[in-house]
Amino acid sequence: MKTIQVTINGELYQETVPIRMLLVDFIRERCGLTGTHVACTYEGVCGACTVQLDGEAIKSCMLLAVQADGHRITTVEGLANGSDLTPLQTAFKAHHGLQCGFCTPGILMNMTEFLEKNPEPTDDEIRYGLIGNLCRCTGYVHIVDAVRAASKVAKQGGQDGG
Amino acid sequence: MYPAVIEEYVRPTTVEDAVDVLGRYPGGEAIFLAGGQSVMQAIKSRMMRPRCVIDLQDISSLKGIAVNADGIRLGAMVRYVDIVRCAELPPAYAALRDAAQHVGDRQVRNRGTIGGSCCWNYLASCLPATVLALGGTMMLLRQDGHRREMAVDDFLIGPLETARGDDEILTAIHFKAATRTGSAYQKWGLLKDALPVVGVCVKVSLDGDGRCIAARISLSGLAAGAQRAPGGEIVLVGSAGETGIIEKAFAMIAEQVDAQSDQWANSAYRQQLIRTLGREVATRAFGRARGES
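Protein chains in written order, with the working numbering: chain A, 1 to 162; chain B, 1001 to 1293.
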């Protein structure tokens, strides 16, 4: 067991955890933030558990919770400000970027960082950025539409404001 | 997939402390955790059941890419994303970026490290083969304080096996500066950025007339792990990168290697990949050596 301090969405959580506990379980079970999902039984292949560690997208089943000690995590619950959704969240709603929604939190956490690093992506770059996130409903077309709509490409070119 | 019980977790701030902890446990019972994008999979599947995990994230000396007149030094904890973002990589070592930017996915590239990948030495991975073709020097520190340098050719023994001792840590990888030199890497997998079914890396150095004076070729994805292809290297030396000669070199390599058949590709398909990728990669490496983009 080890006592760790992790700041999640601006709130400090101090918990004593088994060393073998995965970060995703810490987030879901100790902190009660169940927006972060597990779709592939911790195999690191689905991306549904993607969160941001110090601002960078990572799969939270690929880390032990103790590795996050002293770090800053952002989960999907930390995106919106109250009921004010982020432009990416709004675009997902407007473009039907989700059907069952199970993969959506991970995609939002990955694509939020993606757009920070690359505010004017091509469609190829968006698809390339999505490799680590599986969606079995949408076929990705509407997800790509949503990410494009939230990018500067949409704002500048007026391709599709949604 | 969930880890078995782990007794101890430590996060040293120096390499000396890291190897000290390693020495407190019998061989294999304490393990280093770098980016964890392979090791955590092994821990979760219980292929590895470490008693102690030594997390290297706080050791600043293992981080950073330094480029100077002598060459480049990559700390063992340099991540794929750090390599992709490094604007100063000379053309001689451009293959590092070719390889790093197509490992896994964004999330993996934000965590995975060059040192971790080389120490894990999985047969279908990009960085061990790339470092092999580039002729890197592996910098190792032993628990008793002894430091040694080892050519990557001696370091990479076979799949999941390296010459790193149970009491050693890989601290950095060095590459000597090289003029009129270019390199390139490319892989083919079943999905974009999937593990390589075959990957090819080429590094060539040219003389003032554009003739090849030294060549190194490596392959990934074959059952024996990352490996050089010396037969093809000899063919490239003396050439100016003519397509016919490059094709001859990779036809010879495809003929000579032991290309396995498995669920991803049969032997003949792997040989075809070696010929096709080899032509593209070698052509790009020659172009870079000539100063083309």
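One or more of the hints may lead you astray.
Derived list of chain A stretches under chain B, where covered just means 3 residues or more per stretch with a C-beta under 8 Å from a C-beta of chain B [what the hints assert, rightly or not]:
no.: 1; region: 40 to 52
no.: 2; region: 62 to 69
no.: 3; region: 125 to 133
Only pairs whose alpha carbons sit at most 16 Å apart, straight line, appear in this in silico EDC-like list of lysine to aspartate or glutamate [as the list claims (entries may be wrong)]:
no.: 4; chain 1: A; residue 1: K2; chain 2: B; residue 2: D1209
no.: 5; chain 1: A; residue 1: K117; chain 2: B; residue 2: D1082
no.: 6; chain 1: B; residue 1: K1192; chain 2: A; residue 2: D123
no.: 7; chain 1: A; residue 1: K2; chain 2: B; residue 2: E1007
no.: 8; chain 1: A; residue 1: K2; chain 2: B; residue 2: E1149
no.: 9; chain 1: B; residue 1: K1176; chain 2: B; residue 2: D1209
no.: 10; chain 1: A; residue 1: K152; chain 2: A; residue 2: E116
no.: 11; chain 1: B; residue 1: K1192; chain 2: A; residue 2: D124
no.: 12; chain 1: B; residue 1: K1192; chain 2: A; residue 2: E116
Calculated from the structure, these hints are not laboratory results.
Predicted model, so just to flag it, every value in this text is computed and none were measured.
Note that the Cβ used here is the ideal one computed from N, Cα and C, for glycine as well.
Verification of the supplied hints:
1. 40 to 52: holds (count 6)
2. 62 to 69: holds (count 6)
3. 125 to 133: holds (count 5)
4. K2(A) - D1209(B): violated (63 Å)
5. K117(A) - D1082(B): Holds. K117(A) to D1082(B) sits at ~13 Å (cutoff 16 Å).
6. K1192(B) - D123(A): holds (15 Å)
7. K2(A) - E1007(B): holds (10 Å)
8. K2(A) - E1149(B): Given pair K2(A), E1149(B) is violated - Cα atoms ~37 Å apart, limit 16 Å.
9. K1176(B) - D1209(B): violated (22 Å)
10. K152(A) - E116(A): holds (10 Å)
11. K1192(B) - D124(A): Distance ~12 Å between K1192(B) and D124(A) Cα, so the pair holds.
12. K1192(B) - E116(A): Between K1192(B) and E116(A) the Cα gap is close to 23 Å, so the pair fails against 16 Å, i.e. violated.
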